[in-house]
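**Q** Single-letter residue listing:
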Amino acid sequence: MAKKDHWENTQDPHLLYTEAARSEGLTTQDAPSTKEKPEFNIIGRDTLRIDGHKIVTGKAPFLNDIRLRGMLVGKTLRSPHPHAEIVSIDLSKAKSLPGVKAVIGLDREKAQYIGNRVAAVAAVDEQTAEKALKLIEVEYKPLPYVVSVEKSMEEGAPRVHDKKPNVEKIRDEKRGDVELGFKEADVVLERTYKTAIEIHHPAETHGSIAKWEGDRLIVWDSTQAIHNVRDGLARSLGIPAGRVTVIKRYMGAGFGSKLGLNAHTVIAAMLAKQTGRPVKITLTRKENSLCVGNRPTSLQTYKGGVKKDGTLTALSLTNYTTGGVNRGDRCSEPLLDVYRCPNLHVKEYTVYTNMGGSRATRAPGHVQGTFGLEGFLDELANEIGLDPLELREMNYTTKNRGDTGVPYSSKGLDKCYELGAEKIGWHRRNKTPGAGQGSTRRGLGMSSQIWWGAGVPGTLADVKLYPDGSVDVICGTQDIGCGTRTHMAVVAADTLGLQPKDITIKLGNSDYPWAPISGGSLTTPSVAPAVRDASLKAADHLKEMAAKKLKVSGEDISLQDKKLVDKNNPENAISFKELARDLRRETVFHGERKGMPDGFAYNTFGAHFVEVEVETETGQIKVLKVVAAHDSGQIINTKTAESQVIGGVTQGVSTALFEQRTVDDTTGTLVNPNWRDYKIATSMDIPEIIPIFVDVDDPHINILGTKGLGEPPRIPIAAAIGNAVYNAIGVHIRETPMTPDKVLQALRQKEAI
Amino acid sequence: MKEFKLAQPQNLAQVTSLPSDQRYFLMAGGTDLLDEIKNEIIDPGVVVDLKSIPDLAYIRSTDEKIRIGAMTRVSELAENSTIKTNYPVLHEAALSLATPQLQNVGTVGGNLCQRPRCWYYRDPQVECRKKGGSRCYAARGRNRYHAILGGGICHIVYPSDLAPALISLDAEATIATANGDRTVPLEEFYTLPRVDVRKENILKANEILKEVKIPPSKNEGKSTYVKLKERGTWDFALVSAAVCGIVSGNTFKDIKIVLGGVAPIPWRLEKAENLLKGNPVTDDVVKQAAKEALSDARPLKENAYKQDLAAIAVSRAVLSLV
Ligand SMILES: Cc1cc2nc3c(=O)[nH]c(=O)nc-3n(C[C@H](O)[C@H](O)[C@H](O)COP(=O)(O)OP(=O)(O)OC[C@H]3O[C@@H](n4cnc5c(N)ncnc54)[C@H](O)[C@@H]3O)c2cc1C
Ligand code: SF4
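In order, the protein sequence lines correspond to chains V and C.
Going by this note's numbering, the first sequence opens with residue 1, and the numbers climb by one from there.
Going by this note's numbering, the second sequence opens with residue 1, and the numbers climb by one from there.
Hints listed in this document are in silico derivations from the structure and should not be mistaken for laboratory results.
These numbers were taken from a predicted model, which means no experiment stands behind them.
Do not rely on the hints blindly, as some may be mistaken.
[As the list claims (entries may be wrong)] Here are the simulated distance ranges between beta carbons: (1) Ala-241(V) <-> Lys-51(C): 51 to 59 Å; (2) Lys-38(C) <-> Ala-203(V): 15 to 23 Å; (3) Asp-540(V) <-> Lys-38(C): 57 to 65 Å; (4) Pro-165(V) <-> Leu-102(C): 46 to 54 Å; (5) Lys-622(V) <-> Glu-79(C): 22 to 30 Å; (6) Pro-124(C) <-> Lys-750(V): 38 to 46 Å; (7) Gly-214(V) <-> Lys-2(C): 37 to 45 Å; (8) Leu-624(V) <-> Asp-21(C): 57 to 65 Å; (9) Lys-750(V) <-> Lys-2(C): 48 to 56 Å; (10) Gly-45(C) <-> Glu-126(V): 18 to 26 Å; (11) Gly-99(V) <-> Leu-102(C): 33 to 41 Å; (12) Thr-233(C) <-> Lys-750(V): 26 to 34 Å; (13) Asp-21(C) <-> Val-124(V): 33 to 41 Å.
[As the list claims (entries may be wrong)] Mimicking DSS-like on lysine-lysine, the simulated pairs with C-alpha atoms at most 27 Å apart in a straight line are: (14) Lys-2(C) <-> Lys-286(V); (15) Lys-199(C) <-> Lys-2(C); (16) Lys-229(C) <-> Lys-622(V); (17) Lys-622(V) <-> Lys-287(C); (18) Lys-301(C) <-> Lys-750(V); (19) Lys-639(V) <-> Lys-501(V); (20) Lys-742(V) <-> Lys-301(C); (21) Lys-229(C) <-> Lys-625(V); (22) Lys-2(C) <-> Lys-134(V); (23) Lys-577(V) <-> Lys-506(V); (24) Lys-84(C) <-> Lys-213(C); (25) Lys-134(V) <-> Lys-38(C); (26) Lys-38(C) <-> Lys-286(V); (27) Lys-218(C) <-> Lys-84(C); (28) Lys-93(V) <-> Lys-5(C); (29) Lys-141(V) <-> Lys-131(C); (30) Lys-742(V) <-> Lys-291(C); (31) Lys-229(C) <-> Lys-286(V).
Every residue, glycine too, gets a C-beta built ideally from N, C-alpha and C.
Okay, chain C solo, but in the shape it has when bound (with noise of 0.2 Å):
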């Protein structure tokens, strides 16, 4: 573990305003980024620990959307009542990260901006793209876990569970910048390898996720999370989906989509969605799509299986809605 100092912040203003070429790391609950400190795969120089900047963990009802401040412990949004009722995806989500003990310490923020868990990536003697090396390890070495879509130059997959069920409900991700907030869709905040393969999301050097925005929950809307794992806990996505739509009868009016688990990025499933929307939802009609929406996958030498897992978790996902 290399030496770092600790810089206990007590406003957001403090950190966005920290000198751009300064090398520091914020730390959230820490659990993510204290592995990497000390298996050495990053060099912190300063901890900036976001605990001491008051008010950042909230879940309020504003507007009629639901904000959840970057610091909300993932534990609080399982627990949390109105988003039990409102959006099952978010909560399923967030129960099935992990462990409870991560949950009771991991946050929201943390959890949307974790780092990769490619082994190649996680090894400090590997140098690879990621870390500013020539070569991906994993494109011809051992890639179980890794990506099937959306690759090219770096297969990880982008990890979190909270991810693509925020996605799925048109969450918006608030930025904290030095020259005040901005607001994106929170599904523009990830970025594919090609755009910075040394970055999976749009943060800039001293910028801050601030908090997450739910539009308000439709009445006939209906959300769930599918994940599939290798073992009952402590495990992340071999594939996820998210699905959150408004229902009619046995069509979908609207449906939105997005796996974990096989790309870069959480992945939009829009061919599918758009093979859905307006259609009687059958078995069959769901397979097919799911299929279908698929076919565009490039897996690696050993995880071709996540293609057949990602039409499973997509077709039991938008069947347990209808």
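Okay, chain V solo, but in the shape it has when bound (with noise of 0.2 Å):
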């Protein structure tokens, strides 16, 4: 049976993805060559996804298409108590059910939170689970809880975990010294800053269906890391991990709540188990809403030092933060490392409260970090009456760790500063923040972003040819959403010559060629790049079969248009499919994407330059206009790039304007866990979405110099809201989601003073 403590990742959800994000520890020699850059073709340039057509017309088959022969249906049960001990479970009334399959109690003594699993059922159907579910017996003993991080604080609060108290430190880091930096500035100011809890609320819920075959286990889910799925559930049942093959087809999103185990799969895979028959275990989206993860609160404050120049001479950050029964997000890292700043210090807790646990949300911490800092920044621009992006311009840094640490491999962000600005035309903000007349007032804001983003060195991808001619493409990595079929598809056929219709593209199986997880910005700067070094084998390989057919060395050849010629006489030439015939069986290379040389830090970069209308009466912020400038290395395919970009700004829209996942303090449920009451932007709450990509080369980070744009739209937008409601209005609004009632408060607060 699963062993309870491997039910889960056990391994911090964030530090996992974080851990992965950065890339550490994996440098080795065999770094690129920083050779020229080669010339292409399809890359970077925009290529429509080659499975669009199938998704729009719901072709592409989601997790709930998939229908089994015999299939059941599983359903968990959840504790209504946000702290209880689980005193006893009668499973018998809900086994006599006709139509019950399986009944299993889930082995936990106490509940933490609403929505905690307690028992899981598998019946025939759903309405049979879900009334097996009512006659489980549980006798539970209430237990003190603690639901709003103010009271979990208190001395005496009750005790959210039993081994570890409610308010941890997370992070305490220095540098040089604050004090006498506060002492060199000629402004000093502190602020606090404050975000929400944001559910991911991916359109397509957690679900997985388990299948046993023999002692083989297949499971299907809806997931951003099959390998790491797989390996859990091997792990949690006990058997080898060559035992188990994990499948993720089409997805309807994650945003970082499906990068490990979930314990439905495995609940799937016991209940599967004990019927002999196929398990589906799809989430409602009340199940969604409550207990798998949400990005954690924070509670910034800031203090800062100035010089009437701009120079930024000391900064600190106390910051607390709750994921619920899981830890909050280390919200300093933009703070740590982008400007240049020599004295530092950031202090950081997390407080644990009787709520459903945190999970990374797309770029944890660096979404409310950055929300925090960027709008501290224009603060102290104002009191030393600079123009905030100069402030930026005037800190600038080519090292890390704010001009401490090693060069950056590249840094565009000066010039999506540049860019950005031209293309919102930044010279028409308001001079003075909230200068404007009357009850409509407009205003600029821009905000700064990093991330890592440099991919997994030891990715694996091959490309297998085919005696027909045919071409495909194999990586256990997974499509999440983003376009990834098309991207590998776009790097094979621009070096192999042929156009990524062509191309077959197999992923999104446990049992191919391994790949990370799909977050953290990790997809295409591994997957791309170890593509690109199959199909360069693989090239290698034709070129040296052509050369003998006609006649001419292997450097000689170039592959195009679908065939391969040589280069000093275009009229010798044999197209692709002929010369595959004498391939004579399917010929297989193996391409992997290598490690990067030590010595520099590998960053994303970019800047969101944004327009809004603040109706000062309603206290109604419309968003007009957002130019978000990225440097997110060589971009493989504009089309889907920008996509990426869109969908960014379009979630930081509407978290920086509407969702908080909203809580009743005094008997902890959460009283909004539908799509109604928990609000996401609308197509009518999005403006025009401009996005650039500045054309940076990185040389050291991979061999298509490409990083990756998985959370970078999605972390400076609603920072630059919040800047440019300030250049409107005058007054900033320091508190996502910037409500109207927000809104009217601070501006009345501004009257009064």
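Make one complex out of these two single chains by using the hints.
**A** Here's what the structure looks like:
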């Protein structure tokens, strides 16, 4: 039976994500050469998604479309109490309900939050499974609980975890001497910023189907991490990893909430084992709201010193963050890294509460930290009467850790500033925040962004050539909706002189060559270089074959327009298809994403520029325009890259203005576990979005010079909106979401001063 | 979801003659009712599908009155050209509500009889006063969307956009009962929680809202609907103002102001009406009147902003008519 401790990735999910995103400790000597950038034909251009038609016409199979013969429906019974001892569970009544095939108690002594799993059933259909859940008799002994951060920090507050205090320090980092730095400053300012809990809410809720074939387990999962799920399942069930296959076909996003093994997947496997039939469990929207993660809050107090010319002399941050029963997010990474500042002190604390645990959420910590830091910089700039963009330029650095570390492998943030400012018309901003007249005010704001996103060395991909001229690209990555299939096809086609539609993409199966999780902006910079490596090997092999046929040397051959051509005599050529026949059997070329040289920091950068309109009478904010300039190195496919930016900005607008998990502090219940009351932006709320990719060469990072783009467009948007609102009305809304009530209150406070 | 039986009556009499001790729920478009059933807010027993009854969906002009059948879809109301021309307030309210998808399925009767959206009421695990319990959880809990007027024992806001618009037009409701039809002003159709906290209107067990009637529009009659919401669409009103008046120059000979989103019933703002009637309307006069009329508001911990918004909605609506 499953070992309880291994039910979910016991590894801290935040660590899992950020460590992978950093790609630390994986550098090797096997670094890419710094020779000239190759010429590309398809890479860097617009290619329509190869699966786009299938997706928008409803033909692409998502988890819920998969129906297996004899498949049962699994459901989970969850605790209605925020904190309770489970005294006893009686399954007998549920078991005797006709149509119920298995009922299991989940061997748990305590429920720590509303939604904590307690028992599970498998039945012939959903209604029967739901009925069975009601027949499970659980005796709870309610325990004292705490769901508000403030109360949890009070002395004598009920303990959330038996073995740790409610408040734990999660970071204490210093450099230089902040007190000295404050003394050197002309202006010292202190401000507090707050961000709400955001729920991932992927369009497709979590779900898994488990099926046993003898001692082999096959799982279809809605996951960002097929290999992690496979390893986790093997560990939990005590079976060899090689006997587990995890398949993920099409997916309606995850945003970090599907990065590891989920309890419901293990439960499905256990129920399938017991019943000898496949079992499907899909979570409801409510379960999705309660128990598969959220973005932790932040309560960030900044103190900063600045000279009149804009030089930062010292910055300090104290942050309190709650991720319910899980750890909160460290928010200080941008602060520690992106601007030159010799004196710095960061203290961060996590506060536990009896609420569903956090999980990595698209740019964990960076989103919250950027809202605080970049908002604070604008307030500092205003104090000294400086253009906020100039303040950032003034403290620009090409070395990480605030100019105290190693050089960035490339940093195009300056170009992002230049192009973004030009495109939005930065000169139009109010020179003094709130300078406009009337009840409808416009303003401009901006924010920088830093993230990791170098990719993971060791990622593998195969290119398989068939004698009929067809080509497979095979990689155990997953396309979670971002267009991975398309970028793989683009890279292989470009390298082999073919078109993307000529390539058959095989991914989403853990039996395929290893690739990392799709999270942390890892996928493209991991997978694309591996595909490139394998494709180059295939190309070399074909060139040698063609050279013999065409009686020239392999170096003289180029692959273009589905042909292998003698560069010196274009008439002398052979078609790809004809040449492939000579392969006689399928031939596989193994590619790998190699390591990166030591001595550099590998990061992505960007800057967002936003124009807003604020109605001072109603407190309503309308985002009019967003210019999103990004340095993500070599763009593989501009079409899907732009989609990525539009998606990130959309999600950012949504959380800046609307999204907030709302909890009743007295009862511990989540009052908005649905899409009516948990408000997500609609198409009517999304402005014109103009993505810009700055052309920056990174010779160190990988053979394609490509960096990730998953989180970057999500990071600076809320801060840029906040700053634009500040520019429009002269008061800073220091809390997300910036709803009308907060805007009105801030305006009122300003009037009162 | 609890199991239920589906009844498909052929006429209204079959519904009004149902024994009053039987537990059943009327279903029009089902956009609200199904949500309640699926989330187990109600245990329906029998669902009576009004769609099987012929001739309940119509917009007719008779005796110069406009009669709107309860089963008329909101989208039909929004598209009707007479309503668009003569009763802008109703047209605008219909277009403002929910989303095009919901307008296509939801009906006028369903919209006028929909249940409140209080998130405690919609939580199957919470048994608040409206569900027969002894507490109002919103009073001291999370209440940013709740009532600032008329609350007391239950602080819901009545969620319908059509109701304030229709009331501002002096609409009447026709109710089918076992003893034939009766007609009441729509304004009197809605009842405060203190009358019966479990209900929002006067309908008795086997009564049905059959149609609404709007009196003929007057020549100088003008009307408008201002809805303030958080998002661009798919959002209930934070507050809304339906204003209908007879204007000459910059003076209202007659005016009716009804607010949505502020109280458990569509809230008539008589005080402001009286302050405005017969007086030349200027920016300051309207703002003052709105403010004064709303000074009775009793906001809860998180919804004081609604008092400001209500005043703005009233001012905007009134000023747009002169
Ligand atoms: C996400 C969402 C957003 C929405 N936003 C808005 C909004 O912004 N503004 C707004 O006004 N509405 C809004 N609505 C409400 C929507 O307009 C209603 O769901 C719809 O109008 C109800 O119509 P229906 O025909 O589907 O009613 P049903 O769901 O069939 O019925 C609703 C209720 O009325 C009762 N009922 C129905 N017809 C009659 C009748 N003839 N006589 C007596 N009782 C009857 C039913 O028993 C039930 O209790 C929203 C709804 C949703 C789901
Ligand atoms: S406002 Fe009404 S419906 Fe909401 S919790 Fe209070 S009593 Fe219940």
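**Q** Are the hints correct? Go through all of them and say.
**A** Hints, verified against the model:
no., hint, result
1, Ala-241(V) <-> Lys-51(C): 51 to 59 Å, "55 Å, holds"
2, Lys-38(C) <-> Ala-203(V): 15 to 23 Å, "19 Å, holds"
3, Asp-540(V) <-> Lys-38(C): 57 to 65 Å, "60 Å, holds"
4, Pro-165(V) <-> Leu-102(C): 46 to 54 Å, "48 Å, holds"
5, Lys-622(V) <-> Glu-79(C): 22 to 30 Å, "27 Å, holds"
6, Pro-124(C) <-> Lys-750(V): 38 to 46 Å, "43 Å, holds"
7, Gly-214(V) <-> Lys-2(C): 37 to 45 Å, "40 Å, holds"
8, Leu-624(V) <-> Asp-21(C): 57 to 65 Å, "59 Å, holds"
9, Lys-750(V) <-> Lys-2(C): 48 to 56 Å, "52 Å, holds"
10, Gly-45(C) <-> Glu-126(V): 18 to 26 Å, "21 Å, holds"
11, Gly-99(V) <-> Leu-102(C): 33 to 41 Å, "34 Å, holds"
12, Thr-233(C) <-> Lys-750(V): 26 to 34 Å, "31 Å, holds"
13, Asp-21(C) <-> Val-124(V): 33 to 41 Å, "35 Å, holds"
14, Lys-2(C) <-> Lys-286(V), "18 Å, holds"
15, Lys-199(C) <-> Lys-2(C), "22 Å, holds"
16, Lys-229(C) <-> Lys-622(V), "12 Å, holds"
17, Lys-622(V) <-> Lys-287(C), "24 Å, holds"
18, Lys-301(C) <-> Lys-750(V), "21 Å, holds"
19, Lys-639(V) <-> Lys-501(V), "15 Å, holds"
20, Lys-742(V) <-> Lys-301(C), "13 Å, holds"
21, Lys-229(C) <-> Lys-625(V), "21 Å, holds"
22, Lys-2(C) <-> Lys-134(V), "11 Å, holds"
23, Lys-577(V) <-> Lys-506(V), "21 Å, holds"
24, Lys-84(C) <-> Lys-213(C), "16 Å, holds"
25, Lys-134(V) <-> Lys-38(C), "15 Å, holds"
26, Lys-38(C) <-> Lys-286(V), "12 Å, holds"
27, Lys-218(C) <-> Lys-84(C), "14 Å, holds"
28, Lys-93(V) <-> Lys-5(C), "25 Å, holds"
29, Lys-141(V) <-> Lys-131(C), "26 Å, holds"
30, Lys-742(V) <-> Lys-291(C), "20 Å, holds"
31, Lys-229(C) <-> Lys-286(V), "24 Å, holds"
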